[in-house]
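Each residue of the sequence shown is one higher than the one before, counting from 1 in UniProt numbering.
Don't read these hints as lab results, they were simulated from the structure. One or more hints might be untrue.
As the list claims (entries may be wrong) - Quick list of the computed label-pair ranges, beta carbon to beta carbon:
{"hint": "1", "residue 1": "Phe263", "residue 2": "Gly53", "range": "38 to 48 Å"}
{"hint": "2", "residue 1": "Lys122", "residue 2": "Glu289", "range": "29 to 39 Å"}
{"hint": "3", "residue 1": "Phe173", "residue 2": "Asp238", "range": "22 to 32 Å"}
{"hint": "4", "residue 1": "Asp271", "residue 2": "Leu168", "range": "16 to 26 Å"}
{"hint": "5", "residue 1": "Asp28", "residue 2": "Gly253", "range": "33 to 43 Å"}
What the hints assert, rightly or not - Straight-line C-alpha distance at most 27 Å; calculated DSSO-like pairs for lysine-lysine:
{"hint": "6", "residue 1": "Lys246", "residue 2": "Lys308"}
{"hint": "7", "residue 1": "Lys81", "residue 2": "Lys246"}
{"hint": "8", "residue 1": "Lys270", "residue 2": "Lys286"}
{"hint": "9", "residue 1": "Lys149", "residue 2": "Lys308"}
{"hint": "10", "residue 1": "Lys24", "residue 2": "Lys203"}
{"hint": "11", "residue 1": "Lys286", "residue 2": "Lys314"}
{"hint": "12", "residue 1": "Lys74", "residue 2": "Lys314"}
{"hint": "13", "residue 1": "Lys241", "residue 2": "Lys314"}
{"hint": "14", "residue 1": "Lys203", "residue 2": "Lys27"}
{"hint": "15", "residue 1": "Lys188", "residue 2": "Lys209"}
{"hint": "16", "residue 1": "Lys246", "residue 2": "Lys149"}
We put the beta carbon where it would ideally sit given N, CA and C, even for glycine.
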Amino acid sequence: MKLIYYLLFFSLINASVYSQNPNKPMKDLLSAYSFTSSTTTLDDLEISYIKEGSGEKTLLFVHGLSSNSDAWSKNIEILRKDYTCIALDLPGYGRSSKPDVDYTPSYFSEILHQFIEKLELKNIVLIGHSMGGQASIKFVSTFPNEIEKLILIAPAGLEQFSETNVVLMKSFFTSELVKNTSDEQIEKNYALNFHVQPFEVTKMIDDRKRIKVASDFDAHCYAIVSSVYGMLDDSVYDDLKAISQKTLVIFGGKDLLIPNRYFNPTITTKDVGNIAIEKINKVCLKFIEDAGHFVQFEKPNETNILIKQFVDDK
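Take these sequences, add in the hints, and give me the full structure.
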């Protein structure tokens, strides 16, 4: 009788756990964003985005790798008072569709172009972080007349890698590796993004752990890996000289991810920033000391001030 009782007890527990997450997609497992999100369609893709504020100028925010539109919450909270602020979940991320495509900067550039046309956005200042920065560079070089100014925050794409290192990175970084990341490693990975990790990062970490059981988690892991391969293969280095817009580049003084300390141990973040100075025509380079790679989340006040000064400057 006791055996039957225990079997029934554990069956109920398993049924309860399963019923909480019965193969739900990521969009249903992620915690609520700081602002209400909307959805638009681009061909057969659903694109989730946040829109706050109603200013004359539009700030269009593009998130980085393994992230989503909520990464800009601390910036939108303040900047929406003066501008129309829009942040989208790129395909493969957040609450947007996760198609089986090559996630290259050129692909994201085309998505941004379609998104801007669909929402009929005007007076745009494009703001990209990390991977989103590289996508923004590709966008500006491909569609030079669609934005007024460009802001790159800890952008990928300036730092270069040898062919040997590219092959090595690809051989190591696989979908299986991403999919099987332990909870402990997830926490360590997030910590690398900050000099001093804000307490709100707990929400991001919890979300990353929660989506492991999502029905589209495999597709998300593929998107992450394909995005890394895309950044390596679809270089924007030669596109930098084609940027005609006034450009603000912001780095954290304590960035642990750019440059890659393993593959480029002899260069510094300031060296990477100087590439922007050398290659982009109308550029201003700023460093926020005591900030890591996720500059806009760790030091939002300082970042918001720089953004506002740059956007308002005639």
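Each hint, compared with the structure:
| no. | hint | in the structure |
| --- | --- | --- |
| 1 | Phe263 x Gly53: 38 to 48 Å | holds, 40 Å |
| 2 | Lys122 x Glu289: 29 to 39 Å | holds, 35 Å |
| 3 | Phe173 x Asp238: 22 to 32 Å | holds, 24 Å |
| 4 | Asp271 x Leu168: 16 to 26 Å | holds, 21 Å |
| 5 | Asp28 x Gly253: 33 to 43 Å | holds, 39 Å |
| 6 | Lys246 x Lys308 | holds, 14 Å |
| 7 | Lys81 x Lys246 | holds, 23 Å |
| 8 | Lys270 x Lys286 | holds, 10 Å |
| 9 | Lys149 x Lys308 | holds, 12 Å |
| 10 | Lys24 x Lys203 | holds, 19 Å |
| 11 | Lys286 x Lys314 | holds, 18 Å |
| 12 | Lys74 x Lys314 | holds, 25 Å |
| 13 | Lys241 x Lys314 | holds, 22 Å |
| 14 | Lys203 x Lys27 | holds, 15 Å |
| 15 | Lys188 x Lys209 | holds, 13 Å |
| 16 | Lys246 x Lys149 | holds, 5 Å |
Consistency with the previously given hints is maintained throughout, with no hint failing.
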